[in-house]
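Take these sequences, add in the hints, and give me the full structure.
Residue numbers (the working numbering), protein chains in the order written: chain A, 1 to 364; chain B, 1 to 175.
Keep in mind the hints are simulated off the structure, nothing from the lab.
For clarity, every value in this text was computed on a predicted model and none was experimentally measured.
Treat the hints loosely; a few may be bogus.
Unchecked claim - Here are the computed lysine-lysine pairs in the BS3-like style, where the Cα-Cα straight-line distance is at most 27 angstroms:
{"hint": "1", "chain 1": "A", "residue 1": "K340", "chain 2": "A", "residue 2": "K259"}
{"hint": "2", "chain 1": "A", "residue 1": "K68", "chain 2": "A", "residue 2": "K293"}
{"hint": "3", "chain 1": "A", "residue 1": "K38", "chain 2": "B", "residue 2": "K77"}
{"hint": "4", "chain 1": "A", "residue 1": "K277", "chain 2": "A", "residue 2": "K123"}
{"hint": "5", "chain 1": "A", "residue 1": "K288", "chain 2": "A", "residue 2": "K68"}
{"hint": "6", "chain 1": "A", "residue 1": "K38", "chain 2": "B", "residue 2": "K134"}
{"hint": "7", "chain 1": "B", "residue 1": "K167", "chain 2": "A", "residue 2": "K38"}
{"hint": "8", "chain 1": "A", "residue 1": "K68", "chain 2": "B", "residue 2": "K77"}
{"hint": "9", "chain 1": "A", "residue 1": "K38", "chain 2": "B", "residue 2": "K21"}
{"hint": "10", "chain 1": "A", "residue 1": "K192", "chain 2": "A", "residue 2": "K219"}
{"hint": "11", "chain 1": "A", "residue 1": "K277", "chain 2": "A", "residue 2": "K68"}
{"hint": "12", "chain 1": "B", "residue 1": "K101", "chain 2": "B", "residue 2": "K148"}
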Amino acid sequence: MNSSGVLKSSSSELDLDRPNIEDYLPSGAAIQQEPRGKLRLHDLLDISPTLSEAAGAIVDDSFTRCFKSNPPEPWNWNIYLFPLWCFGVFARYLIIFPTRVLVLTIGWIIFLSSFIPVHFLLKGHDKLRRSIERSLVEMICSFFVASWTGVVRYHGPRPSRRPKQVFVANHTSMIDFIVLEQMTAFAVIMQKHPGWVGLLQSTILESVGCIWFNRSEAKDREIVARKLREHVQGADNNPLLIFPEGTCVNNHYTVMFKKGAFELGCTVCPVAIKYNKIFVDAFWNSRKQSFTKHLLQLMTSWAVVCDVWYLEPQNLKPGETPIEFAERVRDIISTRAGLKMVPWDGYLKYSRPSPKHRERNIGS
Amino acid sequence: MGNTSSMLTQYDIEEVQQHCKHAFTQQEIASLYQRFCQLDRNNCGFIPSDEFLSIPEFAVNPLSQSLLRMLDGFNFKEFIAFLSAFSPRSTLQHKIEFIFKVYDTDCNGKVSFDDMLTVLRDLTGQYMSEHQRKEVLAQVLEEAGYTKDSFLVLSDFMKILGNSDLKMEAEVPVD
Numbered sequence: 001m002n003s004s005g006v007l008k009s010s011s012s013e014l015d016l017d018r019p020n021i022e023d024y025l026p027s028g029a030a031i032q033q034e035p036r037g038k039l040r041l042h043d044l045l046d047i048s049p050t051l052s053e054a055a056g057a058i059v060d061d062s063f064t065r066c067f068k069s070n071p072p073e074p075w076n077w078n079i080y081l082f083p084l085w086c087f088g089v090f091a092r093y094l095i096i097f098p099t100r101v102l103v104l105t106i107g108w109i110i111f112l113s114s115f116i117p118v119h120f121l122l123k124g125h126d127k128l129r130r131s132i133e134r135s136l137v138e139m140i141c142s143f144f145v146a147s148w149t150g151v152v153r154y155h156g157p158r159p160s161r162r163p164k165q166v167f168v169a170n171h172t173s174m175i176d177f178i179v180l181e182q183m184t185a186f187a188v189i190m191q192k193h194p195g196w197v198g199l200l201q202s203t204i205l206e207s208v209g210c211i212w213f214n215r216s217e218a219k220d221r222e223i224v225a226r227k228l229r230e231h232v233q234g235a236d237n238n239p240l241l242i243f244p245e246g247t248c249v250n251n252h253y254t255v256m257f258k259k260g261a262f263e264l265g266c267t268v269c270p271v272a273i274k275y276n277k278i279f280v281d282a283f284w285n286s287r288k289q290s291f292t293k294h295l296l297q298l299m300t301s302w303a304v305v306c307d308v309w310y311l312e313p314q315n316l317k318p319g320e321t322p323i324e325f326a327e328r329v330r331d332i333i334s335t336r337a338g339l340k341m342v343p344w345d346g347y348l349k350y351s352r353p354s355p356k357h358r359e360r361n362i363g364s
Numbered sequence: 001m002g003n004t005s006s007m008l009t010q011y012d013i014e015e016v017q018q019h020c021k022h023a024f025t026q027q028e029i030a031s032l033y034q035r036f037c038q039l040d041r042n043n044c045g046f047i048p049s050d051e052f053l054s055i056p057e058f059a060v061n062p063l064s065q066s067l068l069r070m071l072d073g074f075n076f077k078e079f080i081a082f083l084s085a086f087s088p089r090s091t092l093q094h095k096i097e098f099i100f101k102v103y104d105t106d107c108n109g110k111v112s113f114d115d116m117l118t119v120l121r122d123l124t125g126q127y128m129s130e131h132q133r134k135e136v137l138a139q140v141l142e143e144a145g146y147t148k149d150s151f152l153v154l155s156d157f158m159k160i161l162g163n164s165d166l167k168m169e170a171e172v173p174v175d
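Here's what the structure looks like:
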């Protein structure tokens, strides 16, 4: 009885997106069956390795760590620093914040007064309209970035508008998109959000070409995969930006990349984003705050400082599966941005691992 | 210096330390308290089983169901007492007692053939048929001097597992 069979091939057919978790789970053979020695009662009853793993997971697990917002150390703890901090709060909330709101409002007025006419009046001249709308979107994103006093350093060659390429980046917050959009008008694939964000998505983002998905719908994956393929084929479409993690992670780790972006048969250009936490923690902990609160937090901080690296485009190597390709690109991005790689699927934030995974763990 | 929770006083830590028979240092207890608060999202003073299942590493463990049964509705003291079996400072006897409790599903102090079969089933899943499991278990029990109908008590477990070096530890991260 060989208990070390690992179901590798069937797993990639069963779950379109789920990576091979058993490749990464610690292997704890609870039954040490020596082919030559005898199985004794002692071996059978000794479940300590499995129990140790379970206890280890209870005490600290790598998945929860990915979504922990680490609060900054309080530095205002003595009599000299406290007044300084109070002054800082005053400056941030009563001077800087209103200025930023003003800047943002001006930006929106300029944007809407240009966008709406262009959108409706230039209906016939598609190419011209789209190129103006693109510049306008880039402009409003710059206004957004300015409203947080964003200091973004871009490294590497700027994205070019070529067909058959997608851009992938690690995901920390919705502002990732704004930071990147400021430089190049990307088309994105996003989860449809409720509220004012959803309104923005359906009006303005439509003009740059966006694809919507719905995490909770099972059939959604195939529809989205098809839409992705169609988009990359079109020469006129804006370059597509995908966040393969599928969820926001706290900028210290990367979770597994979904392979959807890597099996489109085109070049993948990795983009790494790293925020400097001294100024503000840009991680959007969607379990703890709404996006509005998150934006307000950013607007009342001193600055948002980040680095963006546009990395060398990668292609699928001969003999490489899309999952291996995804992992290789994740490694490139994580190394560049100084993030640790974790073998978990980001969607586990929303659902439990299925009993199938427990079965696979038994085999390892 | 880590961020010690403001809700845990020195008295609390010492009390908990007494309760777990000094299996953990005070720093480890503070660290575990942070973890407990992280898991006890609704601040009700105990961790519902759901929370444990939302830890993927725990949920894919074959023995998660048996452990959940033991962990249900634990407050912090019981949580520490549960984990104390995994401290390097706990005795071999304590660890064997813990293993016994995992097997003893109906908590009557006796482990039957069926109890052992249940755990074996959790661990082997689809890799062994029910028949194979019963055969292996019966055979191994006989060789050790028991029968299919014997009930194992704690002292039996001590005898069987006592003279091995049981490695059952989980490291508590202390920042």
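Here is how each hint holds up against the structure:
no., hint, result
1, K340(A) / K259(A), "19 angstroms, holds"
2, K68(A) / K293(A), "17 angstroms, holds"
3, K38(A) / K77(B), "41 angstroms, violated"
4, K277(A) / K123(A), "44 angstroms, violated"
5, K288(A) / K68(A), "10 angstroms, holds"
6, K38(A) / K134(B), "17 angstroms, holds"
7, K167(B) / K38(A), "21 angstroms, holds"
8, K68(A) / K77(B), "24 angstroms, holds"
9, K38(A) / K21(B), "38 angstroms, violated"
10, K192(A) / K219(A), "16 angstroms, holds"
11, K277(A) / K68(A), "14 angstroms, holds"
12, K101(B) / K148(B), "20 angstroms, holds"
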